[in-house]
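Student: Take a look at the letters that make up each chain.
There are 2 protein chains.
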Amino acid sequence: MIIDCHGHYTTAPSKLSAFRDAQLAGLKDGLDIPASAQRPISDDEIRESLENAQLKLQRDRGTDLTIFSPRASAMAHHLGNETTSRRWTRACNDLIHRVCTLYPENFAGVCQLPQSPAAPPAQSAGELERCVRELGFIGCNLNPDPSGGHWTSPPLTDRHWYPLYEKMVELDVPAMVHVSASCNPNFHATGAHYLNADTTAFMQFLTSDLFRDFPTLRFIIPHGGGAVPYHWGRYRGLAQDLKRPALEDSLLKNVYFDTCVYHLPGIELLLKVIPIENILFGSEMVGAVRGIDPRSGHHFDHTKRYIDAVPLSDGDRYRIFEGNARRVFPRLKVSATTR
Amino acid sequence: MIIDCHGHYTTAPSKLSAFRDAQLAGLKDGLDIPASAQRPISDDEIRESLENAQLKLQRDRGTDLTIFSPRASAMAHHLGNETTSRRWTRACNDLIHRVCTLYPENFAGVCQLPQSPAAPPAQSAGELERCVRELGFIGCNLNPDPSGGHWTSPPLTDRHWYPLYEKMVELDVPAMVHVSASCNPNFHATGAHYLNADTTAFMQFLTSDLFRDFPTLRFIIPHGGGAVPYHWGRYRGLAQDLKRPALEDSLLKNVYFDTCVYHLPGIELLLKVIPIENILFGSEMVGAVRGIDPRSGHHFDHTKRYIDAVPLSDGDRYRIFEGNARRVFPRLKVSATTR
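Sequences listed follow chains W and R, in order.
First residue of the first sequence: 1, per my numbering; consecutive thereafter.
First residue of the second sequence: 1, per my numbering; consecutive thereafter.
Next up, chain W with everything else stripped away, as it sits in the complex:
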């Protein structure tokens, strides 16, 4: 079975973004647009939005199940206030739940959190609990920078975030560290802000004792870990200079990387330097890069091709494509398929 740990509902029916547009327009007029303003989305509209997108790509690429969350760039926690974020988050998560209910063999839900620059993370714990206990979600996306490129929140290792971590531990769900759109003109979202956040989070973890406080807390750092595997020697050296434990001992029981790296040499490096136990297959589809590489004739984000091109034992292939995801997302209950 092949589990893609990183997919976003980037093709959601336009009624979802229409609600968001109304919500943001309302903000300008000082209005809180209620959730009831959203026009109902039919099951057929949901099916249509997926059949020629994620489901087609699953079939074409030979993957089975996508761990699926709302569009990351649209979370935009920096827009509006806490109420704005809470309503938008619920709308997005409820739609993911409907996707997972319609296609239980193809999708498992990961939720957006109702973060907002001024809101304490404890307020995200309630939505996480709702999504996990009532909707059957198996994880969440945690934005380390709800300000959208101004980085005004404390580091992820600060006690500021502990109430959310306590809930994650209680529910036994991991978080993918995932920023959203950038309102800082310095940072292109998918070309800089995303990768910077990945790199930043890893270094925050490296310099802290967070996992001593939460030994079972688990994070996935997406986009192949940002700059981290490419600079693995730098991080090993920094850990040593800073008198921190070796990375394998201090971080790799809690931190995982996905395979959203869009060329073979990058995947080769990832698989060479990061222990296989810490790598989860992911493609970020349909996501950051949508085109076809003219050199290969295949989509840039068809990351399974790159992994298939690396010589791996059956055990290691199983770990990357399925086993590690089951370990990191223990609430994932879908049974193995024999493809």
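All copies of an identical chain are treated as equivalent in the list; a pair is satisfied when it fits inside any one copy or across any two copies.
Pairs of lysine-lysine residues, derived as DSBU-like cross-links and limited to a Cα-Cα distance of at most 30 Å, are as follows:
| id | residue 1 | residue 2 |
| --- | --- | --- |
| 1 | K253 | K167 |
| 2 | K272 | K304 |
| 3 | K304 | K56 |
| 4 | K304 | K253 |
Since the hints were made in silico from the structure, they are not lab data.
The structure presented is a predicted model; accordingly, all values stated were derived computationally and were not measured.
With chain W fixed as given, assemble chain R onto it according to the hints.
Tutor: Same frame as chain W, now just chain R:
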């Protein structure tokens, strides 16, 4: 001849940092400490600061010349005001000049710029001109984020920076894009802020027509280009999705990467995906990582070892170790040695 394009004077005599300390202490009391407050540094003190550090490492590692600039993390453009920055910058640059005068075969100067969050880049052009025309410097370090981790300046592709670029073009000198210390607790300087800035700058260049306006402007992106080579497929795909020219056509006539990547797999990736013409040998010594890798018994930042371990033609080795640096830094006049 082996030219290291990326070295900082991290071992400068303590009288330099004593001046800085006095300057920063003065700020608290509302005093502008004059340059004359700096205690004179003797030639012997300079020699001593280098003989057992950079010069010893050059000998040990078999490198010849270091393109040498003030300590990057100490630039700290966010501290104080424009006057603070101008005085500190002159003190640092003048000391680099003395190093290069004492050891003309071993060091060539690259200057710090008197940036400050509120100062227009035009004001850095004067110090650049002084350093190049009067002190014989061959390039500069340009901080894309003088706020020190708050990213409040316009992107490097904004016209805001053009007056400095005009001076760089007139003088025919490149800039290394290099941030300094971070006062944002989210960003560890050498473990996150540096790499993020590298990644950020590249994506800014990718999305702009800067090099149409300045066809001969040249930037070195240090630390192996941040996350960029590891994500080369992502950048090729983003360029295509954004209807930008291919990276080779649009950026690689103006943008270069150094080899400050502290393990062999990272260097292998860099040399595989980035054209050899765009790679300049660098070690960042004595710099970000000072320790010895217990696995190899060698310093993490002994980057020449990694390059030596990659099969390369004589021509490609020459380009990485000397030829590209001479092309990017045409003011470098030191003649080739036969080692």
